Amino acid sequence: MANPMEQFAIEPMGAPMSAGGFDLSFTNSALWMTIALVTISAFLFIGTARPQLVPGRAQAAVEYLYDFIRSMVRENVGPEGMRYAPLIFALFIFVLVCNLLGLIPFVGAFTPTSHIAVTFGLAAIVFVLVVVVGFARHGLHFFSLFLPEGTPIFVAPLVAAIEFVSFLSRPFTLAIRLFANMTAGHVLLKVFGTFVVALGSFEALPYVFGLVPLTVNIALTALELLIAVVQAYVFALLASIYLNDAVNLH
Amino acid sequence: MDVASAKMIGAGLAAMGAGFAAIGVGIIFGMFLQGALRNPAAADKLGARLIFGFAVTEALGLIAAVVALALAFS
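Chains as they are written, first to last, in this note's numbering: chain A, 41 to 290; chain B, 1001 to 1074.
Because the hints were derived from the structure by calculation, they are not lab data. Hints may contain errors.
Unchecked claim - Here's a subset of chain B near chain A, in silico, CB distances under 7 Å, partners left out: (1) F1032; (2) A1059; (3) V1066; (4) L1071.
What the hints assert, rightly or not - Among the chain B residues that face chain A by a calculated CB cut under 10 Å, a handful are: (5) A1018; (6) A1022; (7) V1025; (8) F1054; (9) V1056; (10) E1058; (11) L1060; (12) L1062; (13) F1073.
Said to hold, decoys possible - A few chain B residues that don't get close to chain A, going by computed Cβ distances all over 12 Å: (14) M1001; (15) S1005; (16) M1008; (17) L1013; (18) F1020; (19) A1036; (20) K1045; (21) G1061.
Because the structure is a prediction, the values reported are computed rather than measured. Just so it is clear, CB atoms sit at the ideal spot from N, CA and C, and this is done for glycine as well.
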């Protein structure tokens, strides 16, 4: 059986480049992130090029998506958090388009979000934002985040330690959730793909038994489409919930 | 026992964590359905919390799955 992890290999597309000891080659990961950016730009540009009072199809799609994120931020952070809605929208649509583009068959699609370097970069943006906004708005009072109100004084050190560790683990769980979902989904598709070949190559009755895992694989592709959207939503939802802590302090 | 086979057994043990997370996710969706059927008017407001609870629970199972994959394929 072919190694199902091979599909995640990062390869340089053109001539290898390096500067100052760092490998700066243009890789397949960089190529697909660029395609994602072009797709997002085209989607937003076409949707907002000629705004009308009664939106057309493209404009309605952009407005629906943006309004979806805006209402989520308003629900979870409150009116004070509306200024961060564009950032949450940017994170959401980048993760969403990267996830969806990675599922295109036959074109050698690569999912940048299946690499922990990419997802941790996105999670680090959220973490740094939460810390900076928290200290900018509340100063040293931000540390009261680690001690919920009404904690009995003799368990306070224990509660504060647990809250602090859970605060520090947020960027890691945020990054690992997205990366693991994408990796596990693509591995699953590849494993069932090898089942199609293995069962379809039965000598006496060729191709027939391969149909069973092929059907499963089609169903799994539909499931992966759902997961791609849900995980982008979860990423944006958790980012706004973490932002709520910084803006409103419990 | 050599290291390679111990790694495979460890990967299998780590994969059990994904199954336990599945129990947790099942409880979350089951409880949501119970609540939503008892009070359908409140169901829409629970959607975000449902997805949040699902995501937080699922993450632990995924960490177990990643450990299993790392052991099996490295």
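Here is how each hint holds up against the structure:
1. F1032: 15 Å, violated
2. A1059: 5 Å, holds
3. V1066: With Cβ-Cβ at 5 Å, under 7 Å, it holds.
4. L1071: 12 Å, violated
5. A1018: 9 Å, holds
6. A1022: Violated: closest Cβ of chain A sits about 13 Å from B:A1022, beyond 10 Å.
7. V1025: Where the cut-off is 10 Å and the nearest Cβ of chain A is about 12 Å from B:V1025, the hint is violated.
8. F1054: The hint holds - B:F1054 has a Cβ within 10 Å of chain A, the shortest such distance being about 8 Å.
9. V1056: 8 Å, holds
10. E1058: With a minimum Cβ separation of about 7 Å from chain A (threshold 10 Å), the hint on B:E1058 holds.
11. L1060: OK, holds: B:L1060 within 10 Å of chain A, min 9 Å.
12. L1062: Constraint on B:L1062 satisfied, holds at 4 Å.
13. F1073: Interface hint status for B:F1073: holds (5 Å vs cutoff 10 Å).
14. M1001: Since the minimum Cβ distance to chain A is about 24 Å, B:M1001 lies beyond 12 Å and the statement holds.
15. S1005: Label holds. Min Cβ-Cβ 18 Å, cutoff 12 Å.
16. M1008: 14 Å, holds
17. L1013: 18 Å, holds
18. F1020: Holds, since 16 Å exceeds 12 Å.
19. A1036: 18 Å, holds
20. K1045: 9 Å, violated
21. G1061: 9 Å, violated
Checked against the numbered hints given earlier, this structure breaks hints 1, 4, 6, 7, 20 and 21; the rest are met.
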